[in-house]
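Peer 1: Sequence:
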Amino acid sequence: MTNLQRLNQLASILDITRLQDDDNTPAFQHWLSTLPQLDVAAFCVYPQYLPLLLSWPQPQVNAAIATVVNFPSGDLPTDLVCEQIQQAIYAGATEIDCVLPYKALLRGENGYVKSFLYDVRQVSAGVCLKVIIESGELVTAQQVAKATELVIDGGANFVKSSTGKTAVGITEEAARIMLTVIAASERNVGFKASGGVRTIEQALALLQIFEDVTGRVASRECMRIGASTLAFELAQHLSTDL
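Here the working numbering is used: the first residue of the sequence shown is 1, the next is one more, and so on.
Derived from the structure by calculation, the hints contain no laboratory data. Heads up, some of the hints might be wrong.
What the hints assert, rightly or not - With a straight-line cut-off of 25 Å between C-alpha atoms, the simulated DSS-like cross-links for lysine-lysine are: (1) K146 - K103; (2) K114 - K146; (3) K165 - K146; (4) K114 - K103; (5) K103 - K165; (6) K165 - K114.
Modelling step: build the complete structure from the supplied sequences, incorporating the hints.
Peer 2: Structure follows, in structure tokens:
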């Protein structure tokens, strides 16, 4: 695969993300107007900005519309998270990125986590569900593996690493642990790396780890990379290589 092909492959698995806590409507509209012309997998924004995103003519027809729930703390009551999901789907979201109650997992409350995942999966039936395990907050490799197993067993479409709101986002070590569990699963589950993916080199390394561990070719159906600024750097590289 040539460098240009690899860069296009990388673009195709990007979830272009805007989750800024100090955002406002004018800033969001300006961001929309600057988006590069790339064939990306999805756009991921806060629920309140879904109408603006959907009304903007820029997003590519192939791109999914994603939003976040139980974000970023993972502490909301299950019924409120389910309500968030219903409202997001009604507003036009086709993908839900939901934070796992990872603090409950750290307390050993696996039964609660399983029940949460069941309810979230039921209410999000028919849309792509990505569950964020917040790998940087999980203390041991065993906890990262256990969180990944629970998410897979709970029926999610993707296991996602991080919110990007904690000190530690995605690491290559966490990616390998998550992907090893995914590869061993009997379900066809995707992997999303997020939280601090800022350079093309870092993203390509994660893409390579995915393919090495799973033996699959990375595509938007089985791998995503969530990033906010990476798309702009990638667009510059692609225009240079043309």
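Peer 1: All hints are to be evaluated individually against the structure, with a verdict given for each.
Peer 2: Hints, verified against the model:
A C-alpha spacing of about 13 Å is found between K146 and K103, which places the hinted pair at or below 25 Å, so the restraint holds. For the given pair, K114 sits about 12 Å from K146 by alpha-carbon distance, which is consistent with the 25 Å threshold. Restraint check: the Cα-Cα separation between K165 and K146 comes to about 22 Å, which is no more than 25 Å; the hinted pair holds. For the hint linking K114 to K103, the alpha-carbon distance of about 13 Å falls within 25 Å, and the restraint holds.
Pair hint K103 plus K165 holds up; C-alpha atoms about 15 Å apart against a cutoff of 25 Å. Distance check on the hinted pair: K165 and K114 sit about 24 Å apart at the alpha-carbon level, within 25 Å; holds.
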